[in-house]
Amino acid sequence: MRRNREEASRIHRRALLKSSVAGAVAFALPFAGKAFAQTGEKVLRVAMTVSDVPLTTGAPSQGTEGLRFMGITVYDGLVRWDLSKADEAAKLVPGLAESWTVDEQDTTRWTFRLRQGVKFHDGSEFNADAVVWNLEKLMKKDAPHFDQAQSTQAAQYYGGIDSWSKVDDYTVEIRSKRPDSVLIYNLANLFFSSPARWKELGGSWEEFAFKASGTGPWIVDKFVPRERIELVRNKNYWDPGRIPKCDRLVLLPMPDPNTRIAALLAGQVDFVEAPPPDAIPRLRASGMQIVTNQYPHIWCYEISAREDSPFGDVRVRQAANLAIDRDGLVKLLGGLAVPAKGMVTEGHPWFGKPNFDLRYDPEEAKRLLAEAGYGPEKPAQIKVIIAPSGSGQMQPIPMNEYIKENFAAVGIDMEFEVLDWESLRGRRRAGAAAPENEGRDGVNNSWAFWDPDIALLKTAASYEAPPTGYNWGNFSNPEVDELVKKAKETFDQQEQDKILADIHSRIVDEAMWIWMVHDLNPRALSPKVEGFVQAQSWLQDLTSVEIS
Amino acid sequence: MHAPVGRGPTGLAPINGARMFNYALRRILYSVPIAVGVSLVCFLLLHIAPGDPIDAIAPESASPQLLAELRAAYGFDRSLPVQYFSWLSNVIVGDFGTSIMTGRPVLGELANAVVNTLLLSGGAVLVGFVFGLLLGTIAGYTAGSPADRAATAFAVAGISVPNYWLGLVLVVIFAVNQDWLPAMGMGQGAPFLSWANLRHFVLPVIALSVIPAGIIARSVRGTVAEVRKQEFVQTLHAKGLSPFRVFIHVMKNSAPALLAVMGLQLGYLMGGSILVETVFSWPGTGFLLNTAIFTRDLPLLQGTILILSMFFVVINLVVDLAQALFDPRIERN
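Protein sequence lines, in the order shown, are assigned to chains B and G.
Those letters in the first sequence? Residues 41 to 588, by this note's numbering.
Those letters in the second sequence? Residues 3 to 335, by this note's numbering.
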């Protein structure tokens, strides 16, 4: 209530200020949109697709876009993604931990050596106490600094952690619940907020949101919820190579794609996320830069391998994969996608050597369907859940209509159940075996492959069916199950990559899902923007960007 | 001699202050059950609709145990009546709860959004009502003339054009092609009355005011044309009143019907426009509602809907009272 009154009074004061100061300084700034230029600051203004600034306290909301703009900007994790290269998949590198080891006798025991001399934005020191305090804020419910909002958002990443302890000022030990080589990937998304700042603000996370303090390359300067957040360069950032080139980074929530385009063309922003494909020619004609790259994204149907679905027969799954004219689909998307050859992109360390080639071969598809007992008189009847929009869903309606036609041409009769995005996610989470999904053969939920769990291990193992994992359609292959167990317990990166490649080859051969295209993740940049490297990642590093 | 005639059909009886006060008090009291009813209906609809707020915030791999913990943490594990009455009892003491997505108090979120929407809709009310009244009056006074046809054409166009589409077109012309006005957002901390700030209002205000201007213009035209045909207007002319004084009488007699239309439009505008606010990234109540719906942020959604419905209740009350002031024949017992 105290906070509510303060909030109300702040708003009242703001409104009063707006009107009273107005007369005196009226007409002082002719063009607010260009006001920054007058200060001599180099300002990068980014239009995000989210409708609100993601949580600023240390565990960002709004999925990967939140991690991209409110995670790795203000905060650091023990490890981080190297986002400096465009021509290879992003890799994990040391972050706030200089190094780490896994106990060979007890592989649940991880020891992290922390980087020394790192300071939070408020000047306090980052050390083992800060790590312990931050893990408590997420997982120790009776801790005074436990924060439900952050705990909820970060649950995906700390789920594998069992316990933690300080060994000395710069060493911490983290124990996983079971041998889990994927834990390290999740640690890249657990960020560290300043305990000193939290205490200074009277132990209020609400206050902290406005004066957030991390160790990252950008410092929060001004935060207006639902409107903007302004970050300034952290001149004392611990990694000299990543001290931002721009003085200020302004992040603006702009969910409407046309608004983002108009703002870029009108010079109100410099950097736009996800411009719609049909706007690309207009943007190019106006001199804007269109940057694209592969990243761990796949637009697919997660399908049911259960006996009550036509997709329970591997021949039907393969036929569906052969029925799709992926080049045509890419054309439909204005060239902003690449045809899929599996879950991961060709050339990815986990691609392997699948025998089944995801090509366009309607004749072979018809033959396989005939073998499985389907034909023109008896088409395979399937029902797929789709949503008209959603994160990573690209252009779902025209794309699904296109695939429906492709399917019809070979003898697969597809019906859609259209839900809104959040409802679709609920049905995806429930799995094909859930009563609400009875009679549904697939769900069009675009997927990611940034870590082994989400890409392969929790999608392909038979024991990872919902609610524990992502194996929506109860795909089952005993050999794959064994490989998944092996991968989880293999801590050598290269060895693990080989096992993952083997798993991938097998799930492609069995056509576990129907994979269509990988998004090329376009971004539109003003001609003034220089030095941006679009990494093959859902995250991007804005520290290298300059404004000319 | 003018005065009794001048009062015409509206001058039947003086307004009884005490009666009016009682009426206003009663209406204010009525608004309480209306608010409770609205909140109850909204609460039930939100819970009947597919989608779960916990699904929206839970991680992809959330275990049933984690989902149950989150449900308990946000109070969604309780029965619906308990959830509703707990929410209602908190609202009564001014605590609208905390947004699930942002962790910020709903009241603070709402207060910011309401101020932003009032600033925008205030401009749209001014522009829309002035243009609507002007065009409608001209059309009503010149019924059948080319001026009437032009004004009516504008009004029909105003009603027919989708405001978000108009917003986009205005942005393309004035922001993208001409670089005269900003394409989105509010002023960035510039003084309120400075051009640097006001220029952000121009396009959304125009987009938002076109529909009310059209509706009001059509209503004014119809009402004014109707009143002008009435016998008392001929009598006024016959009595030798100046055209201006006749005009005043015509408008005064048209006022009650127009107030009802304008009140409704005012309510719609004050409620914010999801589409226009989204097109212009204007952080008002419409934008807030849009976000709350898509993220299933129930506390935020319930709070926003309750406040917006209260706008309508209050505006209806004000309109009813104003109608009675203009026309005491309207029985308020």
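Please note: incorrect hints may appear among the correct ones.
Some residues of chain B that are not near chain G, with every Cβ distance over 12 Å (derived) [to be verified]: (1) Gly80; (2) Thr96; (3) Asp162; (4) Trp245; (5) Lys251; (6) Pro280; (7) Gly307; (8) Gly368; (9) Glu411; (10) Pro438; (11) Glu519; (12) Gln534.
Derived EDC-like pairs: lysine to aspartate or glutamate, alpha-carbon spacing no greater than 20 Å straight-line [unchecked claim]: (13) B:Lys538 x B:Asp521; (14) B:Lys217 x G:Asp181; (15) B:Lys181 x G:Glu71; (16) B:Lys180 x G:Glu71; (17) B:Lys181 x G:Asp79; (18) B:Lys568 x G:Glu71.
To be clear, the hints were calculated from the coordinates, so they are not data collected in a lab.
Just so it is clear, the structure is predicted and the values come from calculations on it, not from any experiment.
Beta carbons: idealized from backbone N, C-alpha and C, even for Gly.
Hint numbers contradicted by this structure: 2, 4, 7, 14, 18
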